[in-house]
Amino acid sequence: MRIILFIIQKEFLQIFRNKGMLPIIFAVPIIQMIILVNAATFEMKNIDILFVDNDLSTTSKEIIEKFIGSDFFNVIGKSFSIEEAYKKIEKNEAEVFLHFPNGFERKLIREGVVDLDVEVDAVNGRAAGLITGYVSMIIKNYNQSLMIGKLVPNIKPWKIPEQINIETSYWYNPKLNYKTFMVPGILVILVTIIGIFLSGMNVVREKEIGTIEQLNVTPINKYQFIIGKLVPFLIIGLFEFAFGLVIGKLLFDIPIEGSIPLVFLCVTAFLISVLGIGLFISTMNDTQQQAMLVSYFFMMVFILMSGLFTPTESMPNWALVLNKFNPIFYFLKINRMILLKGSGFLDISKEFFSLIGLGFVMLNLAVMRYKKTL
Amino acid sequence: MTTTPNSPLSTPNSPLQTPHSQIIKVKNLVKKFGDFVANDNLTFSVEKGEIFGFLGANGAGKTTAIKQLCGLLTPTSGEAEVAGFDIFTQPEIVKKNIGYMSQKFSLYNDLTVYENIRFYGGVYGLSRKEIKERIGFLLEKLNLEHVRNTFLKDIPIGWKQKLAFSTAIIHKPKIVFLDEPTGGVDPVTRRQFWEMIYEAASDGITVFVTTHYMDEAEYCNRLSIMVDGKIVALDTPGNLKEKYESKNMDEVFIKLARNEV
Chain X
175 MRIILFIIQK
185 EFLQIFRNKG
195 MLPIIFAVPI
205 IQMIILVNAA
215 TFEMKNIDIL
225 FVDNDLSTTS
235 KEIIEKFIGS
245 DFFNVIGKSF
255 SIEEAYKKIE
265 KNEAEVFLHF
275 PNGFERKLIR
285 EGVVDLDVEV
295 DAVNGRAAGL
305 ITGYVSMIIK
315 NYNQSLMIGK
325 LVPNIKPWKI
335 PEQINIETSY
345 WYNPKLNYKT
355 FMVPGILVIL
365 VTIIGIFLSG
375 MNVVREKEIG
385 TIEQLNVTPI
395 NKYQFIIGKL
405 VPFLIIGLFE
415 FAFGLVIGKL
425 LFDIPIEGSI
435 PLVFLCVTAF
445 LISVLGIGLF
455 ISTMNDTQQQ
465 AMLVSYFFMM
475 VFILMSGLFT
485 PTESMPNWAL
495 VLNKFNPIFY
505 FLKINRMILL
515 KGSGFLDISK
525 EFFSLIGLGF
535 VMLNLAVMRY
545 KKTL
Chain C
13 MTTTPNSPLS
23 TPNSPLQTPH
33 SQIIKVKNLV
43 KKFGDFVAND
53 NLTFSVEKGE
63 IFGFLGANGA
73 GKTTAIKQLC
83 GLLTPTSGEA
93 EVAGFDIFTQ
103 PEIVKKNIGY
113 MSQKFSLYND
123 LTVYENIRFY
133 GGVYGLSRKE
143 IKERIGFLLE
153 KLNLEHVRNT
163 FLKDIPIGWK
173 QKLAFSTAII
183 HKPKIVFLDE
193 PTGGVDPVTR
203 RQFWEMIYEA
213 ASDGITVFVT
223 THYMDEAEYC
233 NRLSIMVDGK
243 IVALDTPGNL
253 KEKYESKNMD
263 EVFIKLARNE
273 V
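Sequence order for the protein chains is X and C. Our numbering applies: residue 175 is where the first sequence begins, and numbers increase by one. Our numbering applies: residue 13 is where the second sequence begins, and numbers increase by one.
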């Protein structure tokens, strides 16, 4: 135990003497929060829209008015040629166009039903989905106003054909604020960087400068070594998380519904598992470059599969199986649940114990792989 | 000076039943790296309190041998006991009883003199009080009190080597292994370094030192000369010079290295 304390003391001295370290610890969270949270939003504004109006009727004009009045759309013009509209999409000048065919209004009045062409640039599938959603929402609203006011002017309101109205209420994030959703996720990425990179680089650096050889002739045992290397970064990681949380609260006013001590208990479990991975990687590599590449690879895979950007529910089954070994997947879920929903320990216990298990396995692997001989 | 009645080379097949005073016992030690034999059937022993020199050209296998005795490398075959413990089965107990100073400078450049010694004192299990006392004593003896709080990277290499040696014996080990400790050090500092080695030996610490400086070889109680992974001679410097009819160790070494004998 005393030996571990000496190692921790030495690590802290070295970490804080490293001039590159303090900026990393303080600047990274601030910059990440400001840039990523604002940039990584799924909300779309100013969608460039074009209208091909071959009908030139009151209906088509009214629909176009609706789009002009919307925050989401930026009307870039009207045209009479579909070819021209496609060209605009090809040149990225428009993201979507609506085509009102000749006789659009006539057909609507005569038959009560008419098709409206919506052509969307779907290079980015997610954006295309959102655009379609916004377009249909506007059309649907117009439809309803048609039913009430225009098409059936002689029918009294109570005689409107019955329809099912969908009332949506958004739980936990009532304003559908993406920042609220992103901040807990970005926080997770933040501590992951500390966990995987700093710890791993640290051990490999000792290998590179040769000081590890001197450590290896001392009676320090493998557990003491790994724990001595783990604890300083665990403490820095916890501090980093707290710092990020404060920034999130101050800058984005994210809700903190759940218990703060519970969050920190979970961060600790999470950090132990990612630090275990970082240390394990460092025992397998001899240079910082190698370790960096391997860490980077794992971090990318873990982050992309974690559900930060894409919902894990839509992933194929094999991906869900892989995610059972992904600490970021668990912690992201926990962090959002506690911070946004106010979930208690019982709600997140499955994920929590999975993290503990992963941490235990990774640390033991790191201890096993760490060789005191060359 | 300590002398041994019978050189282990003369009786290479004798069992490892040796008197109590032998602190390092090595028998038929072999280390191979792939097809390359770095240490070819080494057999020797070191007496307690002796300054034992390992002499050889670069690549002769000195460092490989020392690393095996320190538990940093696992031998391919053979038997070896250090401080009474088997290096195959009890390497971690061996480590408690030895000090090691590697060829490559290995204290922390970003820690101060004081912090470096404190760290190693700590990991060898000394109490805070002991550490404090020993650092005070040591810095005074080395005349380095004025750099107590200086980063190691800012002090001259000669001082660093002295500190590395003092740190290697901070826990008063039974044996200290020095792997070319005076590489890149000026003659005056080398002289002082050897004074420190003698002092450690007089405190009862057995010194196992590798070198390729012939003048240093003369300072050893006994010498083993390695050529291409084999021990080709082992005796006191005086006996070696006599046997090979040479004026100094330089000649002995060149004769042996060129296979002229």
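To be clear, the hints were calculated from the coordinates, so they are not data collected in a lab. Here the structure is a predicted model, which is why all the values come from computation and not from measurement. Take the hints with a grain of salt, since some may be wrong.
Unchecked claim - Under the rule of at most 25 Å between Cα atoms (straight-line distance), these lysine to aspartate or glutamate pairs were calculated in the DMTMM-like manner: (1) K44(C) to E236(X); (2) K108(C) to D289(X); (3) K545(X) to D98(C); (4) K165(C) to E185(X); (5) K546(X) to E157(C); (6) K193(X) to D122(C); (7) K116(C) to E380(X); (8) K242(C) to D122(C); (9) K141(C) to E185(X); (10) K219(X) to E264(X); (11) K546(X) to D166(C); (12) K545(X) to D47(C); (13) K116(C) to E264(X); (14) K116(C) to E236(X); (15) K545(X) to E104(C); (16) K165(C) to E236(X); (17) K144(C) to E236(X); (18) K253(C) to E104(C); (19) K396(X) to D122(C); (20) K193(X) to D47(C); (21) K396(X) to E59(C); (22) K184(C) to D98(C); (23) K165(C) to E264(X); (24) K545(X) to E91(C); (25) K546(X) to E152(C); (26) K381(X) to E91(C); (27) K381(X) to E59(C); (28) K281(X) to D245(X); (29) K381(X) to E207(C); (30) K116(C) to E185(X); (31) K396(X) to E104(C).
Stated by the list, open to error - Distance windows between CB atoms, simulated: (32) V42(C) to I209(X): 46 to 52 Å; (33) I204(X) to K116(C): 50 to 56 Å; (34) K116(C) to F200(X): 44 to 50 Å; (35) F48(C) to Q183(X): 20 to 26 Å.
Claimed, not checked - Some, not all, of what chain C presents toward chain X, calculated at C-beta under 7 Å: (36) F100; (37) K107; (38) K108; (39) N109; (40) S114.
For glycine and all other residues, C-beta sits at the position ideal for the given N, C-alpha and C.
A quick look at each hint next to the structure:
1. The suggested pairing of K44(C) with E236(X) is violated, with an alpha-carbon distance near 87 Å, which exceeds 25 Å.
2. Taken as a hint, the K108(C) and D289(X) pair is broken in the structure, with Cα atoms around 85 Å apart against an allowance of 25 Å.
3. For the proposed pair K545(X) and D98(C), the alpha carbon gap of about 18 Å is at most 25 Å, so the pair holds.
4. Distance hint between K165(C) and E185(X) is fulfilled; the C-alpha atoms sit about 17 Å from each other, no more than 25 Å.
5. Only pairs whose Cα atoms come within 25 Å are accepted, and K546(X) paired with E157(C) is rejected, the gap being roughly 34 Å.
6. Distance check on the hinted pair: K193(X) and D122(C) sit about 11 Å apart at the alpha-carbon level, within 25 Å; holds.
7. For the hint pairing K116(C) with E380(X), the CA-to-CA distance comes to about 13 Å; that is within 25 Å, so the pair holds.
8. Restraint check: the Cα-Cα separation between K242(C) and D122(C) comes to about 39 Å, which exceeds 25 Å; the hinted pair is violated.
9. For the suggested pair K141(C) and E185(X), the alpha carbons sit about 22 Å apart, so the restraint of at most 25 Å is met.
10. Between the alpha carbons of K219(X) and E264(X) the distance comes to roughly 20 Å, so the proposed pair stays at or under 25 Å and holds.
11. Of the pairs offered as hints, the one joining K546(X) and D166(C) is violated, with about 30 Å between alpha carbons and a cut-off of 25 Å exceeded.
12. For the proposed pair K545(X) and D47(C), the alpha carbon gap of about 23 Å is at most 25 Å, so the pair holds.
13. Taking the CA atoms of K116(C) and E264(X), the gap is about 63 Å. The hint is violated against a cut of 25 Å.
14. Proposed proximity of K116(C) and E236(X) is contradicted: the alpha carbons are some 82 Å apart, above 25 Å.
15. As the CA atoms of K545(X) and E104(C) are separated by approximately 12 Å, the hinted pair is consistent with the 25 Å bound.
16. This hinted pair does not check out: K165(C) and E236(X) have alpha carbons roughly 77 Å apart, beyond 25 Å.
17. Distance restraint check for K144(C) and E236(X): the Cα-Cα separation of roughly 87 Å exceeds the 25 Å cut-off, and the hinted pair is therefore not satisfied.
18. With a C-alpha separation of about 39 Å, the suggested pairing of K253(C) with E104(C) is violated against the 25 Å cut-off.
19. Proximity of K396(X) to D122(C) is assessed by CA-CA distance (about 24 Å); at most 25 Å being required, the pair is judged to hold.
20. The suggested pairing of K193(X) with D47(C) is violated, with an alpha-carbon distance near 46 Å, which exceeds 25 Å.
21. Using a Cα cut-off of 25 Å, the hinted pair K396(X) and E59(C) is violated, with the two alpha carbons roughly 32 Å apart.
22. Simply put, K184(C) and D98(C) have alpha-carbon atoms about 20 Å apart, close enough for the 25 Å limit, and the pair holds.
23. Straight-line distance between C-alpha atoms of K165(C) and E264(X) comes to about 61 Å, which puts the hinted pair past the 25 Å bound.
24. Proposed proximity of K545(X) and E91(C) is supported: the alpha carbons are some 21 Å apart, at most 25 Å.
25. At most 25 Å may separate the alpha-carbon atoms for a hinted pair to count; K546(X) and E152(C) exceed this at roughly 34 Å.
26. Of the supplied pair hints, the one linking K381(X) and E91(C) is violated, its CA atoms being roughly 29 Å apart against a limit of 25 Å.
27. With a C-alpha separation of about 34 Å, the suggested pairing of K381(X) with E59(C) is violated against the 25 Å cut-off.
28. Between the alpha carbons of K281(X) and D245(X) the distance comes to roughly 30 Å, so the proposed pair goes past 25 Å and is violated.
29. For the proposed pair K381(X) and E207(C), the alpha carbon gap of about 32 Å is over 25 Å, so the pair is violated.
30. Between K116(C) and E185(X) the alpha-carbon distance is near 21 Å, which keeps this suggested pair within the 25 Å criterion.
31. Our distance criterion of 25 Å between C-alpha atoms is met by K396(X) and E104(C), whose separation comes to about 11 Å.
32. For V42(C) and I209(X), the hinted distance range of 46 to 52 Å is not satisfied, since their beta carbons lie about 59 Å from each other.
33. At about 40 Å, the beta-carbon gap between I204(X) and K116(C) misses the expected band of 50 to 56 Å.
34. K116(C) and F200(X) have their C-beta atoms about 35 Å apart, which leaves the hinted 44 to 50 Å range violated.
35. Range check, F48(C) to Q183(X): Cβ separation about 42 Å, and the 20 to 26 Å hint is violated.
36. At about 11 Å, the closest approach between the beta carbon of F100(C) and any beta carbon in chain X exceeds 7 Å, and the interface hint on this residue is violated.
37. Interface restraint check for K107(C): the shortest CB-CB distance to chain X comes to about 5 Å, inside 7 Å, so the restraint holds.
38. At its closest, the beta carbon of K108(C) sits 5 Å from a beta carbon of chain X; the interface hint therefore holds under the 7 Å criterion.
39. For the restraint placing N109(C) at the interface with chain X, the shortest Cβ-Cβ distance is roughly 9 Å, beyond the 7 Å limit, so the hint is violated.
40. The interface hint given for S114(C) holds, since its Cβ lies 5 Å from the closest Cβ of chain X, which is under the 7 Å cut-off.
In the structure shown, a violation is registered for the earlier hints numbered 1, 2, 5, 8, 11, 13, 14, 16, 17, 18, 20, 21, 23, 25, 26, 27, 28, 29, 32, 33, 34, 35, 36 and 39, in ascending order.
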